[in-house]
Structures are given as C-alpha cells and as structure tokens.
Amino acid sequence: MLIKILGIFIFGTIETYIYTGWNLSANKQQKWLSSLLMFVYMVLYLGIISFAFKDSDSTLMIVDYALACALGNFLRVNHEKKNKRNKKRKN
1 MLIKILGIFI FGTIETYIYT GWNLSANKQQ KWLSSLLMFV YMVLYLGIIS
51 FAFKDSDSTL MIVDYALACA LGNFLRVNHE KKNKRNKKRK N
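Using this note's numbering, the final residue of the sequence shown is 91, and nothing's skipped along the way.
No wet-lab data here; the hints were simulated from the structure. There are no misleading hints in this set.
Here are the computed lysine-lysine pairs in the DSS-like style, where the Cα-Cα straight-line distance is at most 30 Å:
{"#": "1", "residue 1": "Lys28", "residue 2": "Lys88"}
{"#": "2", "residue 1": "Lys28", "residue 2": "Lys81"}
{"#": "3", "residue 1": "Lys31", "residue 2": "Lys88"}
{"#": "4", "residue 1": "Lys82", "residue 2": "Lys28"}
{"#": "5", "residue 1": "Lys84", "residue 2": "Lys28"}
{"#": "6", "residue 1": "Lys31", "residue 2": "Lys84"}
{"#": "7", "residue 1": "Lys4", "residue 2": "Lys54"}
{"#": "8", "residue 1": "Lys87", "residue 2": "Lys28"}
{"#": "9", "residue 1": "Lys28", "residue 2": "Lys90"}
{"#": "10", "residue 1": "Lys31", "residue 2": "Lys90"}
{"#": "11", "residue 1": "Lys81", "residue 2": "Lys31"}
{"#": "12", "residue 1": "Lys31", "residue 2": "Lys87"}
{"#": "13", "residue 1": "Lys82", "residue 2": "Lys31"}
Construct all of the structure, not just a fragment, from the sequences and the given hints.
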C-alpha cells in the first residue's frame, strides 16, 4: 500500500508540474509545446484517476494525489520565478 501511495504522489507531482508548464506555455502562445504538454498531462491524469478508482482504498489515494498536485504546482511556479530572476540579472 505504501508503494502505491508513494507512486501516486510521484506521478501526481510530475503530472501537475507538466500541467502548470502547459498553462505557462499556453499563455505565451507556444502552440507546439503547449499541445505536447497537454497530451502528456492527459495521459498521466487519466491513468492516475483510472488506477485510483480500480483500487479499494481510493479515498487515501485521491487525497495523496491532491497533495502531490499542490506540490507539483508549487515546484513549477517556483522554477519559473527563479528563471525570471536569473534573466533579469543577466540583462
């Protein structure tokens, strides 16, 4: 059970990191990058949801997934802020 929870957490973090990247690239009108990121996001998202609903203890997995999504979003936004600061310093 712990391995399942850890796996969902890792995949949820990666999935939301990609999703936040998709949001950022879509806002910048990068159509190819945003399309690729959306494809990867949907494959991971639907796979995780399908896996969680097949399991008997899906409530714990969904809570774990939600926490992982929050972490993935935090990491991606933090990464973008660091990139902006580094670009400003170079100029």
